[in-house]
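Protein chains in written order, with UniProt numbering: chain A, 1 to 363; chain B, 1 to 436; chain C, 1 to 310.
Since the hints were derived computationally from the structure, they do not count as laboratory data.
If you're wondering where the values come from, they're calculated on a predicted model, not measured in any experiment.
A couple of the hints might just be wrong.
Okay, the calculated bits of chain A under chain C, using three or more residues with CB under 8 angstroms as the criterion [to be verified]: (1) 172 to 182; (2) 188 to 198; (3) 212 to 222; (4) 281 to 294.
C-beta atoms are modelled at their ideal positions from N, C-alpha and C, and glycine is treated no differently.
One-letter residues, chain by chain:
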Amino acid sequence: MAQAPQNPASSRAAMQMQLAEKFKSYKHVWVFVEIERGKVHPVSWELMGEGRKLADDLGVDLCGVVLGPRDEGTKQAIKEAYHYGADVCYICEDPLLADYRNEPYTRAMTDLVNKYQPEILLLGATPLGRDLAGSVATTLQTGLTADSTELKIADDKSLAATRPTFGGTLLCTIHTLNHRPQMATVRPRVMAMPEPDTSRSGRMVWHSLRMKEDDIVTKVLEFVSDAQVEKANLAYADIVVAGGMGLQQPQNLALVQRLAAVLGAEWGVSRPLVQKGWAPAERQIGQTGNTIRPKLYIAAGISGAIQHRVGVEGADLIIAINTDPEAKIFEFAHLGVVADALTVLPALTDAFARRLSARAMAS
Amino acid sequence: MPAEHFDAIVVGAGPSGNAAAYTMGKAGLNVLQIDRGEYPGSKNVQGAILYADALERIIPDFRETAPLERHVVEQRFWMLSEKSHTGTHHRSDTFNEEKPNRYTILRAQFDKWFSKQVREAGVTLITETTVTELVKNEAGKVIGVLTDREGGPVYADVVVLAEGVNGLVGQRSGLRSEIKPQHVALAVKETHFLPEETVRERFNLADEDEGVVIEVLGSVSSGMVGTGFLYTNKESISIGVGCLVADFAREKIPPYELLDRFKNHPSVKPLLKGAEMKEYVAHLIPEGGYDAIPQLTGDGWLIVGDAGQFVNAVHREGSNLAMTSGRLAGESLIALKAQGLPATNDNLKLYRDALEDSVVIKDLKKYRKIPGLLEKNRQLFTTYPALLNRSMNAFLRVDGRDKRSKETEILKGLKKARGNWLNVAFDMLKVARAWR
Amino acid sequence: MSEKLNEPDFPAAEAIDAPEEPVETRKGLNIVVCIKQVPDSAQIRVHPVTNTIMRQGVPTIINPYDLFALEEAMRLRDDYGGTVTVLTMGPPMAEDALRRALGLGADKAVLITDRRFAGSDTLATSFALTSALTKLAEEAPIDIVFTGKQTIDGDTAQVGPGIARRMGLNQLTYVSAIDSLETEAATITVRRRSEGGVQVLQSKLPCLITMLEDTNHLRRGTLQDMLRAARAPLTVWSADDAGIEDPMKCGLRGSPTVVKRVFAPQPRAEKAEMVAVEGKTPAQIGDAILDVLFAKSPKLEADVSAKITA
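Here chain A stands alone, though its shape is the one from the complex (with noise of 0.2 angstroms):
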């Protein structure tokens, strides 16, 4: 039933009371920087970037948080954050923090929450982050909006969070009424990340954890990376090809795969052909799955439903390829081609093969 929507509020204003006295000295704008592994993610810089711009306007400083072991990863990620845009890093070094393990993430979190009482709390929608944030929101019993696509200071300076719903058909705003921080996560990719500014720096503030080993019930026994495995990486590929269900054959995605293979991109699918089947999970593209913010996304057979949508608007320019003049899809792609996908996409490859060995040639 999570935050499935009744009626808009407009019965419930009513309900908008005051913030409680206890919650009127929370102040200024936190980001998570998530850390694992001595690698920092990249969502972190992404929330970093939209958290300046909350921050501004309400003229109040931007802080990271920074949890890990004492390492040059934890210390890299310190000075990275100040470039991307905090003014102030709260910071909590300890080995117990080496691996990433709920119960001493939470712990740290909650308690520089409650010393030092942000007004908002950003976590990148990753598994760590949404592990984290579900812990932190229930302990301190505030409102925690998963998955946003948008963030706004409102005219009431509240946080604004919109985030698809119903299956993402409908976009909903949602704010956290009485209660601070008011936490929101968003997935990777879906904002932009930002420039990093590297004469920039800021104050740092260290707490300590205090938890013994023997605190900790859960152990990490092992990591096994998956350095090795062929993985798709569509969030942060240059070029995208998508198909939909106008493939209409599950031996079709295979005309995706070959102009992909020509323009060196990643491919991708919408998310009816991952639930018949047709592509694993992870080739997903859209909220539910990968969002992605390539130069280029060309999408084949795909209607473009909103779930959809969210996932790609970040791209610079969006080409459909749609049997149906009045597919959604139309409404935010830049360029627009009314044929089937079967015939353009071998046509498409080719063109682009011919065009770029062409130049090939010339240069």
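Go by the hints and put chains B and C onto chain A.
Relative to chain A, chains B and C alone:
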């Protein structure tokens, strides 16, 4: 665990199966109903019009809880040609009665409701389970069924085959032959969503409970034996077209293309403007009439609903005949059980007689000759509707020519189209006789 | 809200995991799987004018992710003995989802349904489910609570962690496999998907596991399972039955978040530039697209060829 034994197993959760199961469950029989769909009725497809009378005899107060869309206050009948339609309307405020006679329904919701009534009547329902075979004893009497799930056969005194038009279980068990393509129509339907107010305005309806039915003959079937329809639901329009499977095979017209043409007909297109298509379904309808009815009973089994070809194609009635046959089967089995009699073919005469005596067989007998007539007289679907529209058009156009010349021209056209006046007269006679 | 600042007032973990009898004499595992009935998202419609959801005729299904949790729970039960209870919060018709779960092989089913649950956000949902779980734990202590990775309608993945936190269960999210389970020592080893790899975690019962998709193959219940499911009496609890004393923590009132606006996104101000295809051969269409594309974004041509030569 010892094998379960039921008083009756009902195969299928469509209108006939539900009627049979409900009737028996209500009377305290231990009934198992098995449906192959993901949820009860998920494979069911219909236009759909609900005829109140048949259901009222099973669940008298159904109006209080059943999900009904609109009751029909107006019936239109259209003869369609390429660019025109000529038709009749019958609209009457007397249809706005306390207990209306016909309703448009959305089957997904209606079937869900019906199934709930069946379960509340004490029937055990299992879904996502396909009956693969009937189990017989040495004497050849049906004593149970096998399904596609592990866990062996399940037994019963009698098996009610409410499995729909194809009758696959009956076929596999050698109780009946395969259905013939000239005895079955393929209907395709789409549901188009519109705001309630738009439906009301477009069809000139007083409120959200009033509805319109349009039945269509002529170019809609592109020369095949078939008809089209358009029904108003609360927030949607059901539109469809159906023709004999044998005709589709011969003409090689894809059914969706036929529906597409219908939707784009200038008389229809404005009615659907701005609507969002949300559902496309296809369904087979048994239209062989009385002469196509298979053997209906045997030792330990009987057939109800579409599986028995109980469809009146002329009046587009099927679900009511299905419900009625299901109810009669249920009542017959209750009576046998009360008398302690086994469900042998002889004893099931009770059901056969009840059917003979009911609207089901009486109406099918009345129109016995219609299927054959339509199949052999395609001019009824092509020449006459086209002619009628041309005539109306010529007659209404004010172009300086005198009316008498126009009348003569129209009559000449009619004669020319059918070769001579005798043929026209024969056509009239044939229809009249088949109708009688 | 309690007096103290943001101080949680959850049931103490001990109240749940303190077994009334010694572990050795316990008969197998007591597992609860939280499931949710969701509309089949492929069939949700939006009213073209008012932009409200048209629920009529939309079939409901068990949240697909929950089925992986259910199968894993049943696998553990088959290996170690015990019972699998399915728990859901929802309207009375959510009974269908529970019966379906019973037909797949679950042993017991509990529905918590109450008008007061309406409008729950993730926090209020985890509160209501935790209340029911605590009530269930009175009969026998719970060893493992399973949930799916997330739902397909809410997509938040936050209710599982919420339950774990409230009940003091060890939280194991995004689990792709359960490597081992020692019932006597109450230890469990799982594989947890994380960024760039898999964590092999050892933890203790009682725990909460959110199961990743495609990690097992859902069984098909036997005819006996189906018959049992069709007839099984369901436990239906109201908020009171579930032991909820403070209705202010339920539904809308217990939800710190409110939905202020539901809307459909606007089309982009600038319409898509349509490439003319009428009367062209496929090859001509391919060239026409590239002409328009590179005219629109000359930089892209360089980017694309750089990418290919690289």
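Now for the hints, and whether the structure bears them out:
1. Beta-carbon proximity to chain C at under 8 angstroms applies to 8 residues in the region 172 to 182 of chain A; the threshold of 3 is reached and the given coverage holds.
2. Evaluation of the coverage hint for the region 188 to 198 of chain A: breached, as 0 residues show C-beta separations to chain C shorter than 8 angstroms, against a requirement of three.
3. For a cut-off of 8 angstroms, the count of residues in the region 212 to 222 of chain A with a CB near a CB of chain C stands at 6, and the three-residue condition holds.
4. Counting residues of the region 281 to 294 of chain A whose C-beta lies closer than 8 angstroms to any C-beta of chain C gives 3; at least three are required, and the coverage claim holds.
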